[in-house]
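Visitor: So the chains spell out like this:
Number of protein chains: 2
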Amino acid sequence: MTEYRERSMMARAVQLAWRGRYSTHPNPRVGCVIARGDTILGEGWHERAGEAHAEARALSQAGAAARGATAYITLEPCSHFGRTPPCARALIDAGISRVFAATQDPNPSVSGRGVEMLREAGIRVSVGLLADEAAQLNPGFMKRMNTGRPWVRLKMAASLDGRTAMASGESQWITGDEARRDVQRLRAVSDAILTGVGTVLADNPSLTVRREELGDIGRATEPSRQPLRVIADRDARTPPAATILRGGKVHVFCASSTIDTAPAQDLAALGIRLKGVAWKDNGVDVAELLDSLGALGINELLVEAGPTLAGTFISENLVDELWLYQAPVFLGSTGRPTAHLPLETMAEKVEWTVKDRRQVGEDQRLILVRR
Amino acid sequence: MTEYRERSMMARAVQLAWRGRYSTHPNPRVGCVIARGDTILGEGWHERAGEAHAEARALSQAGAAARGATAYITLEPCSHFGRTPPCARALIDAGISRVFAATQDPNPSVSGRGVEMLREAGIRVSVGLLADEAAQLNPGFMKRMNTGRPWVRLKMAASLDGRTAMASGESQWITGDEARRDVQRLRAVSDAILTGVGTVLADNPSLTVRREELGDIGRATEPSRQPLRVIADRDARTPPAATILRGGKVHVFCASSTIDTAPAQDLAALGIRLKGVAWKDNGVDVAELLDSLGALGINELLVEAGPTLAGTFISENLVDELWLYQAPVFLGSTGRPTAHLPLETMAEKVEWTVKDRRQVGEDQRLILVRR
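Here the protein sequences come in this chain order: A and B. Residue numbering for the first sequence follows the numbering used here, beginning at 136 and increasing consecutively. Residue numbering for the second sequence follows the numbering used here, beginning at 136 and increasing consecutively.
Warning: the hint list may mix true and false statements.
Copies of the same chain are indistinguishable here, so a pair counts whether it falls within one copy or spans any two.
Straight-line Cα separation of at most 25 Å, DMTMM-like style, residue types lysine to aspartate or glutamate; simulated pairs [claimed, not checked]:
| hint | residue 1 | residue 2 |
| --- | --- | --- |
| 1 | 278 | 305 |
| 2 | 278 | 420 |
| 3 | 490 | 370 |
| 4 | 278 | 456 |
| 5 | 490 | 312 |
It is worth saying that the hints were derived from the structure and are not from the lab.
Modelling step: build the complete structure from the supplied sequences, incorporating the hints.
Guide: Here you go:
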């Protein structure tokens, strides 16, 4: 059994890593503590891609005192020169004598190399302390490294009778202020937000993070950019005047045959990236879409879409987490369904495990994963 | 401010009263404590109509020690000869010197008379201690005495996407064992259970209390009878072989013009009580139905009905409590709606206050009241 002290130090490193929740993408969130016994000598976390890694910051704070000390890191230190020098080398050079890493680097091409480099330098290395807690820091980075696809969060706001809008499409506002602020935080941790052209045409949303609605972000680093906005739009029907096209990068995924059409070229002329993907009867080929987004370095994807696209994600079992905001209202039996999901028998029902359930203002937020 | 001791004693009386939750109907649940200082001399609760009242039981336990003692009673003691002698007289004869009553008798024709009788005998009487807690013992009795109608609980079992059944009608089982046991307890506290003939024809339910599924009822008195089962059935289509017609009393509310038809007379021949009421476009005249049930002495009505009847109760704002059992599943967009409730605009949405929210096995139970 690992010592209480060691668990405490790693817990602190995890806590530090969370400070990068709005800012590290596409890099992972990483925290590091340098300590001798119960005394913390240096703390660091990764803030932004291109800037210092967690280990470098913690070592810099510890200075010469790092010699002979222990490093607690939420992720295996890197072994390669990227935009910054390898952290494994820095730990060795600083004279660190013991390393705890919560998780291995999930990137198959470098996994284990950092640990190896440390061990070759005579440093005792243990991997796995608070591994679950550390993995939760980076569900998207972990999944993308393993599968090439982003972590998919599907967000829905519905009534207790399972409606997301009136038959007319009227839907503002089902949930309250606090739930909408919570969605701002969800957007801010996301690398990309996906919607369908139907939502763009009906609601003309911006799908940006509005900093003033994020509220107090505590000691987290300020969001450094808007998430990439992604529109599934077979025929490039997104109007050039659509609000979503302003305020940051936008990708439009259309049918391959659409790319050369006038509407698509009009969008391209605005600087919108267009990519042709396959379409099926029920809409975009979501699996191919996810592969493309993974290739773009998207770790965490938030889907804020209408019932059709939402239903496709659910029926193809491509949702990692369903974030369901439930308002204590009935919108009536003529309202729009939560998701387009035609099922015939009880045996086909979609079963969820409730991972988290909490009150958000007057509403309830459920985080659901497929059973 | 009332003394801690007095609040504790009344809380004990409320606790005792709850022991009659399955058995006192149509009488109210009442508890009584006879005490001197911190010493409880006698305790009683009403168990069944026709049997001793709470005060009589507590006085009997206290015996001669009651002289000069204080009585804590959840409801104003009765002043009239009913099936038992008046409790106010018994308290006087026992030499009680001080009485706390949590609530006045809500029956307008006797309210205040018990208190008056006690005061005339020189007893100091205070009314209102833990009044809310005591009122919750008898929402139906209180409401019926004030309005002539029962307390209406609408029970629904739905998925997170707001469906109560598949399009085919298949609905067994949406919720889990624990939720179904909870519904048994809900039935057992109810004086009557209302359903529509559609549900009878589709599901052939019994709507009885199955004692073995009630589980441990603690120190509560055993249920003494089945709740009255009530069917809204305009044309007397309930099949004489229907399961619901067995296992206790059944009332069929049909259209007045149906009473003399052969199907109605076939039911009457089985001992089923038929009553003609008005029908409107969207079904039975629920207000008239509630008046009739109130006149029958029904305090607490449980509605277990299909979407049409449920929708009528909601749209006519006749639901006192909506008990919604939510299973962590999606049944899909082709499933049956929670309630037939055609609404056009967000402004018409039905807003609920969550009075209670708790986990029941894998499911969530919400008790909702109209905002």
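Visitor: Against this structure, judge whether each hint is valid.
Guide: These are the hints, each one checked on the structure:
1. 278 - 305: neither (36 Å within a copy, 38 Å between copies)
2. 278 - 420: The answer is within: 19 Å in one copy meets 25 Å, while 57 Å across copies does not.
3. 490 - 370: neither (38 Å within a copy, 48 Å between copies)
4. 278 - 456: Only inside one copy: residue 278 and residue 456 sit 13 Å apart there, 45 Å across copies, limit 25 Å.
5. 490 - 312: Cα proximity of residue 490 and residue 312: in one copy and across copies (23 Å, 21 Å).
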